[in-house]
Amino acid sequence: MMIGHMSKTGNVSIPKKWREELGFRENSSLIIEREGDRLILEPMSPGPLKDAWKEIDEEIKRKGIKISRKEAINASIYD
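The sequence shown: position 18 = 36 (this note's numbering), numbered continuously.
Please keep in mind that the hints were generated in silico from the structure rather than gathered at the bench. All C-beta atoms, glycine included, are put in the ideal place defined by N, C-alpha and C. Treat each hint with caution, since some may be false.
Stated by the list, open to error - The following label-pair restraints were derived from C-beta to C-beta distances:
#1 Ser31 - Arg80: 38 to 44 Å
#2 Ser47 - Gly22: 40 to 46 Å
#3 Glu51 - Ile91: 31 to 37 Å
#4 Ile85 - Gly54: 27 to 33 Å
#5 Met20 - Asp75: 38 to 44 Å
#6 Lys72 - Ala93: 30 to 36 Å
#7 Arg43 - Lys79: 31 to 37 Å
#8 Met24 - Glu77: 33 to 39 Å
#9 Trp36 - Gly82: 28 to 34 Å
#10 Lys88 - Val30: 26 to 32 Å
#11 Lys84 - Ile50: 23 to 29 Å
#12 Ile85 - Phe42: 21 to 27 Å
#13 Arg87 - Glu39: 34 to 40 Å
#14 Arg56 - Lys79: 25 to 31 Å
What the hints assert, rightly or not - Lysine to aspartate or glutamate pairs mimicking DMTMM-like chemistry, simulated, CA-CA at most 25 Å apart:
#15 Lys88 - Glu76
#16 Lys79 - Glu89
#17 Lys34 - Asp55
#18 Lys88 - Asp69
#19 Lys81 - Glu60
#20 Lys35 - Glu51
#21 Lys79 - Asp55
#22 Lys84 - Glu73
#23 Lys72 - Asp55
#24 Lys26 - Glu53
#25 Lys84 - Glu60
#26 Lys79 - Asp69
#27 Lys26 - Glu60
#28 Lys68 - Asp55
#29 Lys68 - Glu51
#30 Lys35 - Glu73
#31 Lys72 - Glu60
#32 Lys79 - Glu60
#33 Lys68 - Glu89
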């Protein structure tokens, strides 16, 4: 077991040894899942992110939205 740290803003430090072993890179995205009282962190590969953008683009097209992807995402978040 190792000890990490969580800041008041929710940033969590992960021991360097584990980051290196698991392939966590600086400023990379992580998949975070909750199972009961535990959090599971996984490095996010470009594949799932690319698939997510494809789904967003298809939904924009299906709805006939005539704005940019960024504007469409902001609209769906803030509606």
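**Message:** For a quick check of understanding: which of the numbered hints are violated here, in increasing order?
**Reply:** Of the numbered hints given earlier, those the structure breaks are 2, 3, 4, 6, 9, 11, 12, 14, 19, 21, 23, 25, 28, 30 and 32, listed in rising order.
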